[in-house]
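Visitor: Between the sequences and the hints, there should be enough to build the whole structure, so can you do that?
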Amino acid sequence: MTDPVRILVVDDNEDILSTFYEFFSSMGYTVKTAVDGFVALKLLRDKANSFDALITDLVMPNISGVGLISIVKKEYPDIKIIAITGYGDKPGALASEAEADMVLFKPIDLFKIEAKVAELLNLESRT
Amino acid sequence: MTTPLIGVSKSILKIKELISHVANTCLNVLITGETGVGKEVVAQNLYEESIRSSQNFVKINCAALPETLLESELFGYEKGAFTGAHRKRHGKFKTADKGVLFLDEIGDMPMALQSKMLHVLQSGEFSPLGSDQDFKTDAWVIAATNHNLEERIAAKKFREDLFYRLNIIKIDIPPLRNRTEDIPALVEYYSRIYQTEFGMDQVEKPNTEVMEKLCAYTWPGNIRQLQNCIKKQMVLNSWDKIFAELFSENLTLHNSPASDIPAHPPLANGTSPNATLEEGALIAEFVDLSTSSEKLFEDISLKKIKKMASDRVEREVIIFVLKKVGWNRSKAAKILKISYKTLLYKMTEFKIQPPVK
Ligand SMILES: Nc1ncnc2c1ncn2[C@@H]1O[C@H](COP(=O)(O)OP(=O)(O)OP(=O)(O)O)[C@@H](O)[C@H]1O
Ligand SMILES: [Mg+2]
Chain A
479 MTDPVRILVV
489 DDNEDILSTF
499 YEFFSSMGYT
509 VKTAVDGFVA
519 LKLLRDKANS
529 FDALITDLVM
539 PNISGVGLIS
549 IVKKEYPDIK
559 IIAITGYGDK
569 PGALASEAEA
579 DMVLFKPIDL
589 FKIEAKVAEL
599 LNLESRT
Chain B
334 MTTPLIGVSK
344 SILKIKELIS
354 HVANTCLNVL
364 ITGETGVGKE
374 VVAQNLYEES
384 IRSSQNFVKI
394 NCAALPETLL
404 ESELFGYEKG
414 AFTGAHRKRH
424 GKFKTADKGV
434 LFLDEIGDMP
444 MALQSKMLHV
454 LQSGEFSPLG
464 SDQDFKTDAW
474 VIAATNHNLE
484 ERIAAKKFRE
494 DLFYRLNIIK
504 IDIPPLRNRT
514 EDIPALVEYY
524 SRIYQTEFGM
534 DQVEKPNTEV
544 MEKLCAYTWP
554 GNIRQLQNCI
564 KKQMVLNSWD
574 KIFAELFSEN
584 LTLHNSPASD
594 IPAHPPLANG
604 TSPNATLEEG
614 ALIAEFVDLS
624 TSSEKLFEDI
634 SLKKIKKMAS
644 DRVEREVIIF
654 VLKKVGWNRS
664 KAAKILKISY
674 KTLLYKMTEF
684 KIQPPVK
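So the protein sequences, as listed, match chains A and B. For the first sequence, this note's numbering begins at 479 and goes up steadily by one. For the second sequence, this note's numbering begins at 334 and goes up steadily by one.
It is possible that part of the hints are untrue.
[Stated by the list, open to error] Non-contacting residues of chain B with respect to chain A, defined by C-beta distances greater than 10 Å in every case (computed):
no., residue
1, Thr335
2, Lys343
3, Ser387
4, Lys392
5, Phe415
6, Ile633
[What the hints assert, rightly or not] Pulled a few chain A residues facing chain B out of the computed Cβ check, cut under 8 Å:
no., residue
7, Ser503
8, Asn527
9, Pro539
[What the hints assert, rightly or not] Below, a list of computed lysine-lysine pairs in the PhoX-like style, where the Cα atoms sit at most 25 Å apart:
no., chain 1, residue 1, chain 2, residue 2
10, B, Lys667, B, Lys657
11, A, Lys551, B, Lys431
12, B, Lys347, A, Lys510
13, A, Lys552, B, Lys431
14, B, Lys412, B, Lys392
15, A, Lys552, B, Lys347
16, B, Lys349, A, Lys520
17, B, Lys349, A, Lys551
18, A, Lys584, A, Lys525
19, B, Lys349, A, Lys552
20, B, Lys469, A, Lys552
21, B, Lys469, A, Lys520
22, A, Lys520, B, Lys343
23, B, Lys469, A, Lys551
24, A, Lys525, B, Lys347
Quick caveat, the hints were computed from the structure, so don't treat them as lab data. Owing to the predicted nature of the structure, the values given are computational and were not obtained by experimental measurement. By construction, the Cβ of each residue, glycine as well, lies at the ideal position given by its N, Cα and C atoms.
Guide: Have a look at this one:
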């Protein structure tokens with residue numbers, strides 16, 4: 479057995495967050511959640527944490543998903559990034575510009591997202 | 334010198350923390366909040382905490398200038414770009430290179446310029462008026478507005494794509510009435526500053542009762558209004574007087590029953606002087622209320638009505654004073670505290686003529 483994959487999920491909708499948390503935990507991932515980019519940034523800057531992948535919504539207060547992606551790309555280049563957007567392609571285009579590894583559009587099913595995470599990390603998908 | 338962000342409320346502490354986390358990212362920032370809440374203070378603190386603090390902080394007010402002037406201010410122009418462009422001039426984007434460009438009142442930027450701004454933010458390049466050359470810019474863009482931009486977008490007054498471009502980091506400053514814990518700290522800070530400024534001896538601290546009243550007030554002008562009150566207190570030394578003014582203004586603004594409004598002087602066109610002030614009567618003097626609401630809504634313009642109302646009052650006051658001084662215009666100008674020239678101008682504008690003898 480290898481170490482569990484550590485992911486950080488960011489969304490300002492708490493229901494979505496807990497759904498992600500339940501799902502990825504049940505798939506054997508270690509999951510942390512944050513309600514906006516600012517909370518996420520503080521988790522990232524906390525030395526006690528380290529993450530393999532980031533799954534983030536785009537439109538959020540304080541630090542948006544786009545902002546978070548730019549910061550992570552620069553300061554934590556090893557973390558793989560999946561952006562999820564539900565607001566048409568405007569912020570979506572910004573997310574690609576900020577070099578998210580992948581931009582997915584809502585609604586999207588969780589198994590698909592998990593498969594993408596596994597693909598980005600060169601893992602066998604757990605399903 | 335940069336004003337420190339004074340306050341102990343949760344929201345101010347969070348804003349300070351956010352500033353320290355993003356000051357070195359150079360990501361576009363959008364600062365929102367009512368007038369006087371401290372948007373510019375936040376912008377300056379971002380700059381001050383960043384590695385750009387040794388470079389320029391360049392501010393431009395997007396509401397204060399007409400479109401073409403705003404454009405040339407932002408991007409600069411080449412010699413001969415338009416009549417009057419006798420020599421080349423650098424724009425703010427150039428001056429702010431490697432530093433900060435603070436776009437104040439961005440919500441009021443004309444649509445055409447918004448497109449140009451979007452282009453610069455996307456490409457990182459701009460081109461001065463009359464130039465066919467593109468220049469790279471590395472300005473950290475911080476924008477502020479007291480408009481609700483989502484509403485402006487819905488009203489087609491603001492570009493959605495520009496909004497997303499700017500809204501990478503969003504700092505929303507709540508109004509002072511929603512963070513009254515900050516009031517004592519602000520009062521103390523500014524009392525000390527003004528005390529030194531006015532060269533006064535120790536000033537008394539407001540007692541608990543005064544502080545409670547300060548915290549109960551709604552502060553529509555936020556910290557700027559609080560500052561003015563503290564200044565006034567230094568001069569008047571009477572919180573009672575200040576509160577009397579504050580709370581009475583509040584009354585007439587928000588919940589004055591119509592009967593409290595002093596009866597209005599009758600109109601020249603023969604409205605009955607005894608007409609009761611029913612709802613809309615005052616308004617009817619400036620717009621025709623009997624038309625369809627569609628037409629009516631088109632006719633109603635606060636700016637226009639304000640002008641009409643103030644013109645009418647000005648005219649009355651000028652005639653009143655002129656009569657008192659036997660139509661001696663230089664005396665009247667002195668009493669009205671306007672220049673002689675202004676008085677003559679206003680007399681022409683309002684068609685005021687001395688009675689023929
Ligand atoms: N937290 C604060 N601590 C100390 N001073 C403050 C604070 N917030 C605002 N001020 C002061 O209040 C005044 C108004 O602030 P500022 O000019 O930043 O407001 P603003 O939000 O830009 O208003 P406007 O929308 O009218 O431009 C300034 O003199 C500023 O120094
Ligand atoms: Mg301002």
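Visitor: Just pull the numbers of the violated hints for me, sorted ascending.
Guide: Per hint list: 7, 8, 18 and 21 violated.
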